[in-house]
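Visitor: Spelled out, the chains give:
Number of protein chains: 2
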Amino acid sequence: MKRMLCLAVLVAVVAGGVAFGETGPYRHVVIFQFKEGTSAEKVEEIERAFGELPKQIEAIRSFEWGRNVSPEGLNPQLTHCFTLTFDSQGAIDKGYLHHPAHEAFVALIKPHLEKAVVVDYVAQPPAK
Amino acid sequence: MKRMLCLAVLVAVVAGGVAFGETGPYRHVVIFQFKEGTSAEKVEEIERAFGELPKQIEAIRSFEWGRNVSPEGLNPQLTHCFTLTFDSQGAIDKGYLHHPAHEAFVALIKPHLEKAVVVDYVAQPPAK
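Residue numbers (this note's numbering), protein chains in the order written: chain L, 82 to 209; chain W, 82 to 209.
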């Protein structure tokens, strides 16, 4: 019975998302617009390079990304979104932003970047 | 032993984030800049109203939000980020965007909004 309950909780977490407390995970949301004329190959290289960072940088707790598929089409020029999770603001500041692997990634992407939108937040839950 | 293993998996999922497959969850990322002069009370009213939507709109699978605390300070005018999860693009399109509760929220926020950045993505995992 306990095993079933535990499994049910696990399924709920995976399917429905984690309910975060007042001091929830620290999210780092990065959205890119590439310069006009950036080749598909270069974009794919950048996607791959960003996706390699979690293996190189210990402070990254989780990483997900995708191409913008919003049906609203409010910001079609913003084509990529990456969400990284850290333990805290201190963790991103000390363990990520100045990490050599992150700096190398920034150097790779910079010449091809028209715009980057970056916001961080400590995940709060919805209203109870 | 099985219970311990189950607990360990649960802890890993909560702490480290969910590892998403090729058809991962559908994320809807909404970032706001409020008009200059928008009162703190109005901003709090909007935060609360957005946070009420998961109770009113069945299609929302999970919801989290926070104020922008990025130490990089690249977009300080973008003060709020909300991440909603849906089952699919069809689910957000049919079950959320035109839902009366969402439309009422849009009507509430619109007069106070300087800018909204909205991107959706199907969550992909990092490189293996």
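Calculated from the structure, these hints are not laboratory results. All C-beta atoms in this analysis are idealised placements derived from N, C-alpha and C, irrespective of residue type, glycine included. Some hints could be false.
[What the hints assert, rightly or not] Here are the simulated lysine-lysine pairs, DSS-like style, with alpha carbons at most 25 Å apart: (1) W/K175 <-> W/K123; (2) L/K209 <-> W/K209; (3) W/K209 <-> W/K175; (4) W/K191 <-> W/K209; (5) W/K196 <-> W/K116; (6) W/K191 <-> W/K123; (7) L/K191 <-> L/K136; (8) L/K123 <-> W/K196; (9) L/K196 <-> W/K116; (10) W/K136 <-> W/K191; (11) L/K196 <-> W/K196; (12) L/K191 <-> L/K116; (13) L/K175 <-> L/K209; (14) L/K209 <-> L/K196; (15) L/K191 <-> L/K175; (16) L/K116 <-> W/K191; (17) L/K196 <-> L/K116; (18) W/K175 <-> L/K196; (19) L/K196 <-> L/K123; (20) L/K136 <-> W/K209; (21) W/K191 <-> W/K175.
[To be verified] Restraint-style ranges between C-beta atoms, simulated for each label pair: (22) L/K209 <-> W/P157: 39 to 49 Å; (23) W/L178 <-> L/E122: 17 to 27 Å; (24) L/S120 <-> W/R129: 27 to 37 Å; (25) W/K123 <-> L/K123: 16 to 26 Å.
Visitor: A separate judgement is required for each hint: does it hold in the structure or not?
Guide: Hints, one by one, checked against the model:
| no. | hint | verdict |
| --- | --- | --- |
| 1 | W/K175 <-> W/K123 | 29 Å, violated |
| 2 | L/K209 <-> W/K209 | 37 Å, violated |
| 3 | W/K209 <-> W/K175 | 34 Å, violated |
| 4 | W/K191 <-> W/K209 | 42 Å, violated |
| 5 | W/K196 <-> W/K116 | 8 Å, holds |
| 6 | W/K191 <-> W/K123 | 12 Å, holds |
| 7 | L/K191 <-> L/K136 | 21 Å, holds |
| 8 | L/K123 <-> W/K196 | 30 Å, violated |
| 9 | L/K196 <-> W/K116 | 22 Å, holds |
| 10 | W/K136 <-> W/K191 | 21 Å, holds |
| 11 | L/K196 <-> W/K196 | 16 Å, holds |
| 12 | L/K191 <-> L/K116 | 10 Å, holds |
| 13 | L/K175 <-> L/K209 | 34 Å, violated |
| 14 | L/K209 <-> L/K196 | 37 Å, violated |
| 15 | L/K191 <-> L/K175 | 22 Å, holds |
| 16 | L/K116 <-> W/K191 | 30 Å, violated |
| 17 | L/K196 <-> L/K116 | 8 Å, holds |
| 18 | W/K175 <-> L/K196 | 31 Å, violated |
| 19 | L/K196 <-> L/K123 | 16 Å, holds |
| 20 | L/K136 <-> W/K209 | 9 Å, holds |
| 21 | W/K191 <-> W/K175 | 22 Å, holds |
| 22 | L/K209 <-> W/P157: 39 to 49 Å | 30 Å, violated |
| 23 | W/L178 <-> L/E122: 17 to 27 Å | 34 Å, violated |
| 24 | L/S120 <-> W/R129: 27 to 37 Å | 45 Å, violated |
| 25 | W/K123 <-> L/K123: 16 to 26 Å | 43 Å, violated |
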